[in-house]
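J.: In order, the protein sequences belong to chains A and B.
Quick note: the first sequence uses our numbering, first residue 25, plus one each step.
Quick note: the second sequence uses our numbering, first residue 25, plus one each step.
Keep in mind that a hint or two might mislead.
Because identical chains share one entry, a pair is satisfied inside a single copy or across any pair of copies.
What the hints assert, rightly or not - In silico DSS-like pairs for lysine-lysine, Cα to Cα no more than 25 Å straight-line: (1) Lys174 / Lys145; (2) Lys174 / Lys61; (3) Lys145 / Lys129; (4) Lys61 / Lys220.
No wet-lab data here; the hints were simulated from the structure.
Protein chains: 2
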Amino acid sequence: MPTLYHHSMSSPSRFVRLILTEYGYQTELIEEQTWEKRRDFLALNPAGTLPVYVDDSMRALCGATVISEYLDETHGVLKRDRRLLAEDPFQRAEIRRLTEWFMQKMEQDVTRPLVRERVYKLQMTADQGGGAPDSKLMRMARGNIRQHMKYLSWLAGSRQWLAGDRLSYADLAAAASISVLDYLGEIDWAESPVVKEWYQRMKSRPSFRPILAERVRAITPVSHYADLDF
Amino acid sequence: MPTLYHHSMSSPSRFVRLILTEYGYQTELIEEQTWEKRRDFLALNPAGTLPVYVDDSMRALCGATVISEYLDETHGVLKRDRRLLAEDPFQRAEIRRLTEWFMQKMEQDVTRPLVRERVYKLQMTADQGGGAPDSKLMRMARGNIRQHMKYLSWLAGSRQWLAGDRLSYADLAAAASISVLDYLGEIDWAESPVVKEWYQRMKSRPSFRPILAERVRAITPVSHYADLDF
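Model the full structure from these sequences, guided by the hints.
T.: Here is the structure:
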């Protein structure tokens, strides 16, 4: 069985897990704490980042973009109207642009700093950079959430799914990030009713169930986290 | 004619220019100073990043990854042994992993901070964040160069081209970054003879000529910058 090195609170990991489940894939999940810089893990991915997918021939694929493109080429292409990347090159470009937006821009502006300060630092030793969260970094990240929610509101309000008429990688990438932030109680849903309606649809998908059932050591999610009707 | 919004010292812009020239494309180049946050430019790419490719139907493609995938799907696929992404999904994954390494990891660790401190800040007003370079940020970026050159040495020493037997996006992405750093005199070539041999081959390609001929306002390149035999 293929293996996915992931972390429950890494949104690129969640994105790839959602793709795999949508396509009906079985993988073994191994939680990796990247800050430990394990030698065996760095041998798989010298960049030291998550997720890493290792197939049955022990070949490693590194990072959400590389894995998602590979899964499209080897499996998505056979899925017809359930394909998560479109057929048309321009439509594919729009899906990729948005996926990159959530997996890179939003990740850098908001999700990665908040997860690092609020989750990873609790688990790191002092040598690894652990300790109290940096309130300045958290304030900056929180200040950026609103702009991203506004953009999401615009997308969710003007299209059936974020990149167009069909569920795509863009929806899975956005929902991966939003679900991490929602676990931490960082989303003010009263402010973004249109995004909420879209996220309710995403949460109701069977692919979301395992993610909603997961809990991170020492951090309780907000009370509505796993509710489909919140 | 399609248009490419770029900046001479943006390595993702250079990467896309190299692809376009390798494939024999004519495009109009428009230099964009992203720190001005022009409204018309943000309408093309809400992320405000370079490069942006606008085709003859005025459809915009944003960012090096999206543009390079689009060019592969619409043109690379017809190029047979001159295709810059391989045919095999695993080989494609390796090319994408390395392209991402240079366009994202090296960009973040080294190229983007050095270009920002040494080039862009000279052109920005105080309101835009201009002013004297931050020596601490430059020291950090310079400290990271060595690790990237070591990895490049390993790749160039163990393979004919960086991702395997054929010239690929990985080579163009790496050469885009290296050429920006070399312009600024940031590469110590005596330390990396294997990378030097590879970069000489890259510089000798006709696609590199326009880039080597370009000069940035107020910054003279190192004396060997445009020499093919340096």
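J.: For which of the previously enumerated hints does the structure constitute a violation, in increasing order of number?
T.: Failing hints, ascending: 1 and 4.
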